[in-house]
Structure formats: C-alpha cells, structure tokens
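K.L.:
Model the full structure from these sequences, guided by the hints.
Residue strings, one per chain:
Protein chains: 2
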Amino acid sequence: MRPDPDTARKARLDCRAGMIAPTAGLAPGFTQVNMISLPKDWAWDFLLFGQRNPKPCPVLDVTDPGSHRTTLAPEADLRKDLPLYRVWRDGVLADELPDATEVWAEHADLVTFLIGCSFTFETPLQQAGIEMRHIAQGSNVPMYLTDRPCREAGRLHGQMVVSMRPIPAARVAEAAMISGRFPAVHGAPVHIGAPEGLGIADLSKPDFGDPVQVRDGEVPVFWACGVTPQAAVMASKPPFAITHAPGHMFITDVPDSEWQV
Amino acid sequence: MRPDPDTARKARLDCRAGMIAPTAGLAPGFTQVNMISLPKDWAWDFLLFGQRNPKPCPVLDVTDPGSHRTTLAPEADLRKDLPLYRVWRDGVLADELPDATEVWAEHADLVTFLIGCSFTFETPLQQAGIEMRHIAQGSNVPMYLTDRPCREAGRLHGQMVVSMRPIPAARVAEAAMISGRFPAVHGAPVHIGAPEGLGIADLSKPDFGDPVQVRDGEVPVFWACGVTPQAAVMASKPPFAITHAPGHMFITDVPDSEWQV
Numbered sequence: 001m002r003p004d005p006d007t008a009r010k011a012r013l014d015c016r017a018g019m020i021a022p023t024a025g026l027a028p029g030f031t032q033v034n035m036i037s038l039p040k041d042w043a044w045d046f047l048l049f050g051q052r053n054p055k056p057c058p059v060l061d062v063t064d065p066g067s068h069r070t071t072l073a074p075e076a077d078l079r080k081d082l083p084l085y086r087v088w089r090d091g092v093l094a095d096e097l098p099d100a101t102e103v104w105a106e107h108a109d110l111v112t113f114l115i116g117c118s119f120t121f122e123t124p125l126q127q128a129g130i131e132m133r134h135i136a137q138g139s140n141v142p143m144y145l146t147d148r149p150c151r152e153a154g155r156l157h158g159q160m161v162v163s164m165r166p167i168p169a170a171r172v173a174e175a176a177m178i179s180g181r182f183p184a185v186h187g188a189p190v191h192i193g194a195p196e197g198l199g200i201a202d203l204s205k206p207d208f209g210d211p212v213q214v215r216d217g218e219v220p221v222f223w224a225c226g227v228t229p230q231a232a233v234m235a236s237k238p239p240f241a242i243t244h245a246p247g248h249m250f251i252t253d254v255p256d257s258e259w260q261v
Numbered sequence: 001m002r003p004d005p006d007t008a009r010k011a012r013l014d015c016r017a018g019m020i021a022p023t024a025g026l027a028p029g030f031t032q033v034n035m036i037s038l039p040k041d042w043a044w045d046f047l048l049f050g051q052r053n054p055k056p057c058p059v060l061d062v063t064d065p066g067s068h069r070t071t072l073a074p075e076a077d078l079r080k081d082l083p084l085y086r087v088w089r090d091g092v093l094a095d096e097l098p099d100a101t102e103v104w105a106e107h108a109d110l111v112t113f114l115i116g117c118s119f120t121f122e123t124p125l126q127q128a129g130i131e132m133r134h135i136a137q138g139s140n141v142p143m144y145l146t147d148r149p150c151r152e153a154g155r156l157h158g159q160m161v162v163s164m165r166p167i168p169a170a171r172v173a174e175a176a177m178i179s180g181r182f183p184a185v186h187g188a189p190v191h192i193g194a195p196e197g198l199g200i201a202d203l204s205k206p207d208f209g210d211p212v213q214v215r216d217g218e219v220p221v222f223w224a225c226g227v228t229p230q231a232a233v234m235a236s237k238p239p240f241a242i243t244h245a246p247g248h249m250f251i252t253d254v255p256d257s258e259w260q261v
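Residue numbers (the numbering used here), protein chains in the order written: chain A, 1 to 261; chain B, 1 to 261.
One should not assume that every hint holds.
When chains are identical, the list treats them as one kind, so a pair holds in a single copy or across two.
[Said to hold, decoys possible] Mimicking DMTMM-like on lysine to aspartate or glutamate, the simulated pairs with C-alpha atoms at most 20 Å apart in a straight line are:
| id | residue 1 | residue 2 |
| --- | --- | --- |
| 1 | 80 | 258 |
| 2 | 237 | 196 |
| 3 | 237 | 41 |
| 4 | 205 | 102 |
| 5 | 205 | 174 |
| 6 | 55 | 258 |
What the hints contain is simulated information worked out from the structure, not anything from laboratory work.
P.N.:
Structural data, given as structure tokens:
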C-alpha cells in the first residue's frame with residue numbers, strides 16, 4: 001500500500017508553522033533526508049566528496065544555485081520546511097534556527113544537497129519486528145563521530161559520523177540484510193559491535209542526538225550517517241553553510257520503497 | 001574465491017601493447033568501466049549529470065584535473081590502458097585511437113570520470129547459467145539510443161543508451177534480481193521486452209556494438225548503459241572529450257563482488 005502523500009505535506013507544514021522535534025517516525029513511509037547548503041564555490045568539492053564517500057553521503061538531489069526547490073518534494077520550501085537548521089560560519093556552529101529564510105538570503109548562489117538518511121530503512125526494520133529504540137524512547141537517534149577518515153575531495157575532509165541502533169543478537173543479520181537493500185540511504189551497517197573499533201569510547205555519550213539503552217543480549221549496530229557533512233564542515237571550515245540539525249530532517253514526497261533494490 | 005589480480009593487469013598491458021577488441025569476458029571477475037574525460041570547465045555539469053541519472057551514469061571514480069590515475073587501478077595509465085578511445089570535438093566523433101596520450105596532452109585540466117558497466121553483473125549471470133549471447137557469439141554487446149531523455153544538468157542533456165541481452169522467458173526474473181543486486185553498475189533492467197516502448201524500431205540494427213540473435217522463447221532485456229555520456233556529448237557538444245569506444249572498456253583491479261549489495 002502506498003503511504004498517503006498528505007502525511008508528508010502535513011509534517012512539512014507543521015515544521016513550517018514552528019514545530020521543533022526530531023523527525024524519526026514522522027510521516028512513516030516517506031523518505032527523510034539530510035541537508036547541506038554551501039556557496040557555489042564549494043559545490044564541486046561537496047559533490048565530489050559525496051561521490052567519494054557514498055556510504056555516509058549518498059546525494060539524492062542537488063538544487064540549482066540559489067534555488068530552494070527540490071524534485072524530491074516540488075511544493076516544499078527548503079528554507080523553512082525543516083524543523084531545525086544549523087548555521088555554520090568558518091566551520092563553527094553559529095546559530096540554530098527553526099526558519100532559515102533570512103540567513104539563506106545572505107548568499108545568492110547557495111547550492112543545496114539532499115542526502116539519504118537511515119530513517120528510510122527504519123520502517124522496513126520495524127515491519128520486520130525489530131524495535132527502533134530511539135523511536136520507542138521518543139528521543140533522537142544517537143550519533144557518534146568516528147576515527148574513520150572520509151576520502152578527501154578538494155578542500156573537504158573529515159571523519160565519518162555513524163548512527164547507532166541496538167539490535168538483539170539474533171536479529172542483527174536480518175537488520176543488515178534489510179538495510180542493505182537500501183544502498184542509496186546508507187545501506188548495510190558499516191560496523192557491528194565493538195564500538196572501540198570506530199574510536200567510540202562511551203556509547204552513553206553520543207556526539208549528536210540522545211543516548212539509548214543497550215540491553216543484555218543486544219549488539220550496537222552502526223550505520224554511516226548523513227551528519228558526516230557537518231563533521232566535514234567543522235573540519236574543513238567553509239566560510240558559510242546551512243544544514244539541518246541532526247535528527248531534524250527534511251521530509252520528502254518520495255516513498256521509502258523508491259530506494260529499495 | 002577472489003579472482004587473480006594478475007589477469008586484470010595483464011589485460012590492461014595487452015591493451016597498452018596494441019590489442020584492440022571488445023573487453024566483455026576479459027579478466028572475468030574484475031570490474032570494467034566506461035570512461036569520459038572532459039575539460040574541467042565541464043566537470044561540474046558532468047558530475048551533476050551522473051548524480052541526476054544514476055541508472056545510466058553511476059560514477060565510480062573521478063580523477064584530479066590533469067591526472068591519468070584512478071584509485072580503481074592505481075598502477076594503470078588511463079591514457080593508454082583501454083583498447084580503443086574516441087575523440088570528440090564539438091560533439092562530433094573526430095577520431096578513434098588505440099592510444100590517447102597525444103590527444104590527452106591537448107588539455108592540461110581534463111577531469112576523467114569512470115562509470116559502472118553492465119559487464120560487472122555478466123559474471124554472476126553466467127554463473128547462474130544464463131548465457132550472454134554476445135560473449136557466446138564473440139561480438140560486442142548491442143546498444144541502442146532510446147527516446148528516453150536523461151535529466152539535464154547544466155549544459156549536458158541527451159537520451160539514454162541501453163544495452164540488450166536476450167534472456168529465456170523463464171530466466172528473466174532471475175536476471176533482473178541478480179543484476180539488481182549491483183546498483184552501482186546499472187543495476188536492474190530499465191525495460192523488459194517491448195523494444196518499441198524505448199523507441200527502438202529494429203533490434204537487428206543497434207546504434208553501437210553488434211547485433212545478436214534473439215531466439216524463440218527469449219525476451220530482449222534492456223539495461224541502462226554507460227555509453228549514455230557519449231550520447232550526451234553528441235547532443236550537448238562540449239568542445240572536447242575523450243571516451244572509450246563502446247564495448248572497449250577500462251579493466252580495473254576491483255573485484256565485481258565489491259559492488260554487490
């Protein structure tokens with residue numbers, strides 16, 4: 001059954017009206033995406049960064065310079081239909097805003113990249129009876145900055161960010177296979193168990209989002225995460241960038257099933 | 001079993017030494033790729049064209065401007081390790097050469113794109129007992145210019161090119177599923193049967209490559225093809241481009257299995 005397109009539009013209008021909340025579980029069945037807007041001068045570097053790092057940065061759409069429109073949701077306005085934005089100046093987080101219209105106007109030539117998000121395969125994981133702990137907890141998914149470098153592209157470099165979901169040991173293989181059918185939205189996990197192998201010292205202290213409980217018999221499963229571009233912004237210091245706030249995604253009109261292979 | 005890396009290197013050295021032949025079936029198990037080199041001024045348009053048209057143009061690597069090296073085969077020289085090159089001037093085929101070193105030197109800033117090729121899933125198809133007619137015939141795979149427009153990117157536009165393999169009706173679903181596991185190298189077919197639906201009037205007259213026999217009980221199966229950039233060159237007329245000759249691919253060191261999801 002196709003999900004009802006009204007749910008995606010309504011969720012975006014709620015965001016536009018001022019709702020600020022993580023979007024996991026909202027408008028189920030519709031693709032949620034990460035966002036980064038950069039001055040055109042940085043667009044080549046970023047598109048190449050995505051090509052060279054397809055696991056954390058699968059680019060699903062690129063706007064024309066200066067446009068706030070995307071083919072992923074033709075009616076939407078990228079400047080105001082996300083619940084929360086971050087504004088970056090010289091690689092430093094300068095502001096967090098529910099509406100980016102004003103800062104967007106500072107640069108006439110922003111190119112916006114929309115990047116696949118692991119929320120896309122949460123619906124099929126849940127349909128398979130695998131609990132998403134952060135949704136059950138009503139919190140944001142925990143994300144960690146790893147020690148694994150991305151492949152550089154021009155002036156852009158940085159380390160990979162991962163999201164983590166605790167999965168019962170007997171279901172881990174299934175979770176890997178189900179998510180692996182969605183390569184355009186991070187695909188299969190990059191790491192299963194052994195957080196120290198990613199340089200993560202303490203699972204209870206995520207770098208982004210909220211901690212979740214890992215119960216006995218569960219294994220932490222790590223997926224490449226679309227917050228990686230924000231880590232690249234911090235490391236590479238472009239003069240200006242607008243991104244979504246971690247977990248506060250842009251909800252598109254595209255059904256999740258579109259990305260399944 | 002991992003394929004023997006020497007077979008890929010030897011095939012490239014044969015090409016360098018002057019061997020001119022379609023590469024289907026050569027160095028089985030190693031990824032073969034399409035190539036296009038464009039002046040840097042056109043690189044953004046092309047990378048965006050690939051992002052917007054991932055079925056025909058899955059970009060697997062992008063060189064630095066002026067470089068003839070790729071991470072897909074670090075020892076190789078992209079100027080001479082393909083069996084046959086095409087040189088394009090203002091969108092017109094100007095030359096076909098077994099060595100592109102001289103024409104490559106005309107532009108100091110060429111950016112080279114390496115693009116997935118459907119030959120990658122031919123090995124698993126053959127392992128499943130599905131005959132590749134063009135390999136059995138010792139000929140080049142047939143390719144057709146369709147009437148299906150690609151999504152434009154800057155100055156680049158054009159119609160999609162497809163490759164065709166006749167498959168027994170009872171194996172078509174399996175062929176779709178096996179190739180579908182390789183989204184980075186064109187993935188599942190874009191069209192099965194009914195060639196007129198792609199604007200193909202006569203299967204015996206391919207636009208590129210050689211015709212193959214379609215036997216009773218077989219269905220023509222069409223995959224998006226990495227010759228699409230050449231159709232875009234003809235339609236969009238960049239001042240200069242070097243490509244591989246259709247079917248005469250670059251053989252990388254990357255095992256085909258790398259692209260399987």
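K.L.:
Using 20 Å as the alpha-carbon threshold, which applies to residue 237 and residue 196: within, between, both, or neither?
P.N.:
neither (28 Å within a copy, 52 Å between copies)
K.L.:
How would you label the pair residue 205, residue 102 (within, between, both, or neither) given a Cα cut-off of 20 Å?
P.N.:
neither (33 Å within a copy, 57 Å between copies)
K.L.:
From the Cα coordinates, with 20 Å as the cut-off, is the pair residue 205 and residue 174 best called within, between, both, or neither?
P.N.:
Neither way: residue 205 and residue 174 sit 27 Å apart in one copy and 46 Å across, limit 20 Å.
K.L.:
At most 20 Å between C-alpha atoms: does residue 55 with residue 258 qualify within a copy, between copies, both, or neither?
P.N.:
both (18 Å within a copy, 13 Å between copies)
K.L.:
Between residue 80 and residue 258, at a C-alpha cutoff of 20 Å, which is it: within one copy, between copies, both, or neither?
P.N.:
Classified as neither: same-chain Cα gap 25 Å, cross-chain 40 Å, threshold 20 Å.
K.L.:
When Cα atoms must be at most 20 Å apart, do residue 237 and residue 41 count as within-copy, between-copy, both, or neither?
P.N.:
within (13 Å within a copy, 25 Å between copies)
The structure shown violates the earlier hints numbered 1, 2, 4 and 5.
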